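Join the two chains into one complex using the hints; note that each chain is given alone, in its own frame.
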Amino acid sequence: MTPRLSLRGVTRHFGTVTALDGVSLDVAAGEFLALLGGSGSGKSTLLRVVAGFEAADSGSVHLDGADLAGVPPHRRPVNMMFQSYALFPHMNVTANIAYGLKREGRPRAEIAERVAQAIAMLRLEGMESRRPDALSGGQRQRVALARALVKRPRLLLLDEPLGALDANLRERTGFELRAIQRESGAAFVMVTHDQSEALALADRVAVMDRGRLVQLGAPREVYDRPATRFVAEFLGAANVLEGRSTGGGALECPAAACILRPAAPLPEGATAIALRPERIRLGPAIGDNTAAGTVEEAAFRGESSLLLVRLAGGALLRVSHAEEDGAPPERGTPVRVSWDADAVVPLLG
Amino acid sequence: MRFALRLIPGFWLALLVAAPLALVGLMALSWQAEGVPPYAPPWAGAGINPDNLRLLAEDPYYRDALLQSLAVAGATAALCLLLAVPMGIAIARAGRWREVLLATVLLPFWTGFLIRIGAWIGLLRDEGWINSLLRALGWTDQPLPLLYTDGAMLLGMVHAYLPFAVLPVFAAATRLDPLLEQAAEDLGATPRRAFLSITLPQLLPSLAAAFLLVFIPAAGEYVIPELLGPPDATLVGRVLFQEFFQSRDWPVASALAVALLALLIGPIILFQRLGRAA
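Those protein sequence lines, which keep their order, are chains A and B.
Those letters in the first sequence? Residues 27 to 375, per our numbering, in order.
Those letters in the second sequence? Residues 468 to 745, per our numbering, in order.
Next comes chain B alone, as it looks inside the complex (with noise of 0.2 Å):
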């Protein structure tokens, strides 16, 4: 019984992890083909088909979607830690208001994620608000290009993932003995180098941790830059969808899709051992 038991976890991962990812990645290394699904796999006849791999690794648009899409990533990611490190340690200080305060953090998920972006698109577009407002003001009487910029598009991101840089901070800053920076003074440190040298180093393990927890998923980003982002940025999330769905040639998609898990394998593991760490 509790042998079977045991075999219950096993068998979801297996159904809803391991058998997808065995998909996408046999899917990589078959041929384009008619029909449906469009691929023949390699035991179709035509063996094992390399170029879908070697495609990614000579042709730059691939390359650069890739490279372009964890620069965006790392952008949110360094953006959302700089918000979180005084969000989460100005929560965990602040008593009786700690609840209110992260309940305020987590709000956003209580709202449809598509109506967010909406919202957002509603502030930034030409007649927008934001751009209503400048006109009314007399400021400008072009309307200012906000909305489909990069600039639009890091906001959407920084203010999706934000919560996830926010928690572990906050996590971390709660642990902190609040006499340690006491004591840092009390031995000659200003109250800047005691937040520098005692109370930083000690969140570091929490920032790394949140850095990666934003930096993972928002590498594989696709809904946001493709509703607020310029319409020629070619991050993977974008390109892996019009392989998918305009050329329908789903073995190059998967192994794009396998190449971004491949890059992502390594800050998968550092944020295990920061999670072990900590």
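Extracted from the complex, chain A is given alone in its bound form (with noise of 0.2 Å):
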């Protein structure tokens, strides 16, 4: 089957700086994908050229098997989701919504009917003839949605959609987005900087660094088995501890004063693992993948605390404490860690 958005090498320089390089990746009709990155990952630009506002260097990008090259972007099937919304701030609610259909050239009361459908679907009723000035936070959002869903994308791109929500509605705002993401049918690609927010939407992860694609696949695996140190530390903050290889399959952990085995052999050429800190126990425990420390730090977090335990050869592990396992130890305890094989990833770069 041909995916909805297909990249292939896609590049993109701004003067000296490499903002995409050659990034190559599928989205299926249907499917949420999130691109997740720090600033200056290229998340951004890479969205700005699937919606045709940036010509990429290099590199080729397809809908459905057609290639975009030089299609404008008022005449490409795709809508985007400003971070900042960009609603017209002279028209009230129902002629923004009405504008893209309007530009198609629909009638008239086609338009009305499908922005009636597009209020009621994002609960905006009563707000019709509000301006956005308005309107709050949240019910912005909720018309930027529907100003690009009213249109039925093949594909809908969204920049940063939850970021300039207060905490408190951004999971909600969550919720709706996957359930209206499954009830439209339309593909989205959501760009975030936050990594809850893409593993709790997301049917895969794109994690991208410095203008590459670093690591791609379903949130569960992106989390438990990072590729890279950079996906490691960026998702979870997970321990990422270097060493020797034992020869064994194991390895040599001078900063932690352990050997670390994971379950499978470790891999030829691999000098780091990463470690979740949620994966870490407190207690005793003899053989490999267990060390000795002191608490140096300790959190409250809510439902866990946040250790930070200095290990006898020198590293600083963040160790994550459940509640339900009793009060942690005080600043200055002698403890002993220790974790599963499976809980040791090989980092590959």
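These aren't lab readings, by the way, just hints derived from the structure by calculation.
Every value quoted in this text rests on a predicted model; they were computed, and no experiment measured them.
Please note that a few of the clues may not be correct.
As the list claims (entries may be wrong) - Footprint (simulated), chain A over chain B, 3 or more residues, beta carbon under 8 Å: (1) 640 to 654; (2) 664 to 676.
Stated by the list, open to error - Each pair of labels, with its calculated beta carbon distance range: (3) B:Thr-657 - A:Glu-139: 19 to 27 Å; (4) B:Thr-701 - A:Ala-135: 56 to 64 Å; (5) A:Gly-163 - B:Thr-657: 49 to 57 Å; (6) B:Thr-571 - A:Arg-327: 52 to 60 Å; (7) B:Thr-571 - A:Phe-201: 53 to 61 Å; (8) A:Pro-115 - B:Thr-578: 36 to 44 Å; (9) B:Ala-586 - A:Gly-64: 55 to 63 Å; (10) A:Arg-132 - B:Tyr-528: 55 to 63 Å; (11) B:Pro-476 - A:Ala-160: 34 to 42 Å; (12) A:Thr-44 - B:Gly-733: 55 to 63 Å; (13) B:Pro-476 - A:Thr-44: 56 to 64 Å; (14) A:Arg-101 - B:Pro-476: 53 to 61 Å.
Note that the Cβ used here is the ideal one computed from N, Cα and C, for glycine as well.
The following block contains the structure:
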């Protein structure tokens, strides 16, 4: 089956800066993909290339098999929801939502019907004649979404769709976004710098770093098996430990003063592993995958506490201590930490 | 002390605006007389003189002068606007050239007003640069009548008032969100349609302000029509001058000034409303 969106080797330079460096990925019809990365990772540039606001220096962008090179933004069957929402300030909610349908030259009755549907779907009833400056942040976000969705795009691009919302509104709106995506059947490509947003909403997460796509996979896969040091640290702030191969499929780590033994033998050439804070236990253990240290800091975080444990070899380990496991040790307490072999994830770069 | 501070602007307003205005209003109701000043106030014995204002309403000479002045001011403001819209938007979007271009628009203010008018005369007169060039190229043998025409007058007016039109458009254009046009294009609008349906409507208050900012002072303009315009043009500024200094009929001249002010009060109020709205 032809993918909805297909990128091949998309590269874009701004002066001497490489914003996109040979990005290739496919998005299936009806899929929700999150482009996750920090600022300067190229994720927003990628979105603007697909929308047609930036041209790729090289590489190709295909939508349902059709090459989009040279197609101006207004002729692309792709719509974008802007981070600032970019609502038209001189038009009310209805006119904002109807704008795209009017440009298609749809009959008046059809426009009215589809706008009413979009208003119902996004719970904007009663707001029809308000201007954007008379709406709350959450309402504006929904108008922006309605304005893009009412065109029934084959692909909807969302630039930090939840970024401008309050924390308490973000979770609920995220679930709504997910439901709307399933309901509309459109493929969604969402740019975000928030890893929990990407993991919670997307079918697949594409992690970007300095213009490159560094890992692409299902949220759990990307979280549990980060491919590189960047992904491990960016998603869930994993501990990264370096060492030398013991030759026996394990890694000897002087900074942790222990042997790190993954479930499957360590791949050739790997010199670092990732270890998630929540996979580390306190308590005595023997053999490999255990180390001794001292609690240096303890921070209460609600459902868990974050401990910073200074290991005998000098490394500082982030350990997540669940509340249900009892009160966390005080600062200065000597502890032993251990973890399962499958928590040790070899990194390949 | 604070009360006294607040009195100071009131004092200046009273001295520089209210008092002259009251004096002109008084003169409009006075009688022409021999002497210095050449008018007799209502309390000198003859009472209020209603003839000056009546004359304006009845004599087509004065009425036409007022109407023609408004027409010239309207044409000047319209031409200025036509130039100011692309200029204002382009300067607002010029990135690092913005300050340089803005300074260029304001540059004429740095040279004397009369020198600039003199330059136009030097360009436009029969032996001026333009006619000399046309003759040197062999395109004409008779000099084209350029100076002392309506065209020369409008050229001078537009040149003098253009910065007043560019500045409000520029200021409004800098406040526009460039993403809005992109959003419109993303929703299927051609760039032209995006400009007409998104950018232009947002600039409308500033366009009205720019128009009025030119129209209001241009309606009373005296020097430019006098130096560049046709000799027979009877604009209100010229009629005022003639009544004051040639006929020495201060009461009629004052009545004319009051009439012009009355005609401009509507646009002035409109301009202030727009200023508050923006």
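Point to revise | Indices of hints not satisfied (ascending) | key: 5
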